[in-house]
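Just so you know, the sequences run in chain order A and B.
Taking the working numbering, the leading residue of the first sequence gets 1, the next gets one more, and so forth.
Taking the working numbering, the leading residue of the second sequence gets 1001, the next gets one more, and so forth.
Just so you know, not all the hints are guaranteed correct.
[Stated by the list, open to error] Partial chain B-side listing against chain A, Cβ under 7 Å, derived:
no.	residue
1	THR1171
2	LEU1181
3	GLN1338
4	LEU1389
5	TYR1393
6	ALA1406
[Said to hold, decoys possible] Residues on chain A that point at chain B, a partial pick, calculated with CB under 8 Å:
no.	residue
7	ALA47
8	ILE51
9	ILE82
Worth flagging that the hints you see were computed from the coordinates, not collected in a lab.
Don't be surprised by glycine CBs; every beta carbon is placed ideally from N, CA and C.
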Amino acid sequence: MTERSLKLANRPAVVVAMVLFAVAAVTYWDASQMTARATYGMGANAASYFICLFLAVLGVGHLLTAFQTPAIEAEDADWKAIGGIAIALSGLVGSIWLGAGFTLGSTLLFAFTARAFGRKSLVVDLAIGAFMGLVIFLLFNKLLSLALPQGPFERLF
Amino acid sequence: MDAINLLIEGFSLAIQPANLIFAAIGVFIGTAVGVLPGIGPALTVALLLPVTFKLDPGGSIIMFAGIYYGGMYGGSTTAILLNTPGESAAVVTALEGNKMARAGRGGPALATAAIGSFVAALVATVALAFLAPPLVKVAVKFAPWDYFGLMLIAFVTVSATFGSSPLRGLTSLAFGLWLGLMGLDQLTGQARLTFGVPQLLDGVEVTTLAVGLFAIGEALHVASRHLYKPERPIPVKGSIWMTKEDWSRSWKAWLRGTVVGFPIGALPAGGAEIPTFLSYTIEKKLSRKPQEFGSGAIEGVAGPEAANNASAAGTLVPLLTLGLPTSATAAVMLAGFQQYNIQPGPLLFTQHADLVWGLVASLFIANVMLLVLNLPLVGLWVKLLRIPLPWLYGGILVFASMGTIAANPSVVELLLLSAFGVVGFLMRRYDYPVAPAVVGLILGPLADNALRRSLQMSLGDPMIFLQHPSSAIMIAIATIALIAPFVFKGLSQFQHDED
């Protein structure tokens, strides 16, 4: 990402600018759909328009810096590790979505996160995750009467 | 004095046995979580909020005070023994504290940090108790336009004035403000940015944002950079007690740190980094042994640690009297108060005086408990630091998502949490500050309300903000604080070109 023909020194800044413009556009569209009107002063959409303007100004600011200051060297990332955590999180989301309960979800979350951090023995981590999930479930659902999602397994208790 | 009577009443609430137990549990788990590397006080409070959900408001707030101070103290333990500060305010503590620990003086480093935090928090809590009532007297007279001006100052100082780049800070703030739009508008009931998803009508939870940005963002960041190479905490050898010389070198540093930290925290200026760095520089200048700085000078731990705690107690002043959070931790605390249906602000002191003074008294008690519990338990905290990072982060993610679904059991909430985690990771990677987003989310809707109520009262005339001197001055301060960094940057670039 060194100097390009456009003298585009900072590609991340351009990407951020594009995201800011996109979010501003979505906000503008959303505000234009609003129906509630205020009798005096500003309606509910005024804040939306204001934030939309703010985002657009920041986007322009990012575009300007993109041609001035070189990007900070972002360190190389291990995308496999990121993918591991993504699997871990989707394991949890999936098991809540499908009604399989909190314990299974947290087991998957724990084991795959540990794996993303370089652990090799998945079985041990699954066991630890299951134990931890169960303890948290019992502690919070029984002792503190919080409602963690229950699956077939949790209903046994 | 009125404040003393109220404080005594507060103490009578706080020393009830049940409340003492709540405070002790809070201090204990707050320290235990705060000690874990990568977890700062804001995240500690956010993670442990669900634990206090179902207690009665008095008990949960007292436990909360313990968690808050425990989390602060745990962070400095990590900084000294592991050299991985959990938050930017602990960076300075790590500077000298870790060198001391490497030189076999970990015990005195921990002790001066603990006693310094104690002294600072004690002085700062007294200052809070005496400063709050007169401030409340002023604050009850505040009109919506004054609040709007005050929030503008908070926005600018939190995001633009002190960060590495105002543009990045403001972008982070804009993200928070944008998230603040989501949900039903409080004045008209208009749905904003909900895209037809019913779960979004209630808006975005501050704890979900904080936990996503801090916990999941941090986990992704650490995993992506392989920062989990085995790092061993430095064992605490020898006596943990400070020598006579340590005491004589520390006590002035504690007091100076407190004097530096409290006012900066109490102003809506945000950030504990400034007072800690300032205190470090002062101690280096005034030290009898300046040559020791860089290789483990005890003043370099004592001063910044005191400054850190004093400024944290200082942020409670605008938080409790005005309902204005000026740091990520304060924003999460405000979210906690709201969960117990308590709205900090001037009305809190008149409507729930017992609660406020009970909280202030518990801060004192939590402080004493920290001192009594922590030094003897140092061995336990060191053991916690030895948990392998894969398990540690696995556990953090489980606990983080548990808190999120316990507060709001829906898949949408979990997806939001994951999305905030990705955003937090990208913000870390490209050096955007995270705290302004959290402050923006909580202050955005409040500023929106203040703005629109002012305009309703003036029948739509925006000049109302400039006609009242109080709000005009505050808006002027905010504008100057916003423009100043750009002007100075321009000037320095200009001078640079001349050379």
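Could you tell me which of the numbered hints above are not met by this structure, giving the numbers in increasing order?
3
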